[in-house]
Structures are given as structure tokens and as C-alpha cells.
Amino acid sequence: DGGITQSPKYLFRKEGQNVTLSCEQNLNHDAMYWYRQDPGQGLRLIYYSQIVNDFQKGDIAEGYSVSREKKESFPLTVTSAQKNPTAFYLCASSILAGQFDYGYTFGSGTRLTVV
Amino acid sequence: SQQGEEDPQALSIQEGENATMNCSYKTSINNLQWYRQNSGRGLVHLILIRSNEREKHSGRLRVTLDTSKKSSSLLITASRAADTASYFCATVFNNNDMRFGAGTRLTVKP
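Listed in order, the protein sequences are those of chains H and V. For what it's worth, this note's numbering labels the leading residue of the first sequence as 11, then goes sequentially. For what it's worth, this note's numbering labels the leading residue of the second sequence as 977, then goes sequentially.
Treat the hints loosely; a few may be bogus.
What the hints assert, rightly or not - Restricting the straight-line Cα-Cα distance to at most 30 Å, the calculated cross-link-like pairs of lysine-lysine (DSBU-like) are:
| # | chain 1 | residue 1 | chain 2 | residue 2 |
| --- | --- | --- | --- | --- |
| 1 | V | Lys1032 | V | Lys1045 |
| 2 | H | Lys67 | H | Lys24 |
| 3 | V | Lys1032 | V | Lys1085 |
| 4 | H | Lys19 | V | Lys1085 |
| 5 | H | Lys67 | H | Lys81 |
| 6 | H | Lys67 | H | Lys80 |
| 7 | V | Lys1002 | H | Lys67 |
| 8 | H | Lys67 | V | Lys1046 |
| 9 | H | Lys93 | H | Lys67 |
Hints in this document: simulated from the structure, not taken from any laboratory. Since this is a predicted model, take the numbers as computed values, not measurements.
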């Protein structure tokens, strides 16, 4: 079955640590996205990528970094520069970059907690 | 802000009743989408309505779009306990920017 896999489901980070969240899709989608969701709030865009080896900042990119070396993979690193990283992180993909006539497919999320 | 805003923030109904959620936005859109999120899970795409469409149906879901009022509504008919979830509207703007609202939390009591 095709879909998006996010791992791990739960992640704990110590102060000053960098952590990487994995996102893999086998849908052959061109575009991939990372969103952050805080309790009771909507989704805020962190980064997105429309093609391999290219990505753009979203609304809240500070303290985060990404790479897109393969079409299937779009890992997100939460760096120590992100002062309030505790949140629910969602990865999504869509068929064709810029083609919003199709919905996004979402992964099941990673819950990151700072300890 | 460009993002849509859902109303109400929370809605509690009995099983079998209809649930209506609204979404308002401020600038012209390309299309509007509705998503569902069960607690602690990812979002699931429900339905998309284009700016030149006024109404769409999918099973027990009915979506309307009024571009003159810059608003959309999602109606779930004959609700079930399994419909309990948060529902988000996502507005797609002409520059292909897509924004999510804060969602409506729906509780359907058995």
C-alpha cells in the first residue's frame, strides 16, 4: 500500500540537542511538506520541497533544516536554535508541485517533547 | 492573515444529528479543501471544492462555497460517534499557497 511513513512516533529531545524526524513516501509524489501543530491550533508550514535537491522556507523555518536528496525522503532536523520545539510534526506530500487540485496525503505524525 | 478560520471552535451533538462547520477567508482562492484529524493522528483529505463550484457531495458530506461571502460550510449528515474528530479547512490561494485554519473540534455522543 502506498503512503507516507513518519518515524519515530514519539521523540524526546534534551536541551541543546539536534534531532531528525524521518518522512518517507512511496506515492511518487513530487512535493513534500513539513508542518508543525501546537495544541488546539492549526498547521503552520515549516519547509516544503517541490523537486529533489530544492526546498523553500515556510512561515516558521527558523531553528529547522531539511534536505531532499531523494524524491521519496524529506527529513526534518530540529536544531538547538529552535527554542520551543515541543509540538506535533506532520509531513505531507502532493502529486505535482504547485498543483493544488489534489489533496495532500499526510503521515501519522511525530510528537516531539523537550525534556 | 490569509488562512481560513473555522467556526465554531467546538461542536457537540448527538448521534444521528447533522453537524455544520463553517470556514471564512479573506482573499480570493483557487480552491478550498476540508480535512479530518483524529486525535494524535495525521490529517485525512475529505473533499475539495474549486472556486467556480458552489456545492459538492461525498457520501454523508456536503460542502458549499460562497465566494461572494468568502465562506464555506461542511455538513455531515446523520452523524456517528466515529465522526468525532477535528475538521480543518484549507484555503488555496492563486499563488498556490495553502493555509490551514485552527479547526473545529466535533464530538458526537452515542
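Name the hints, by number, that the structure is in violation of. none
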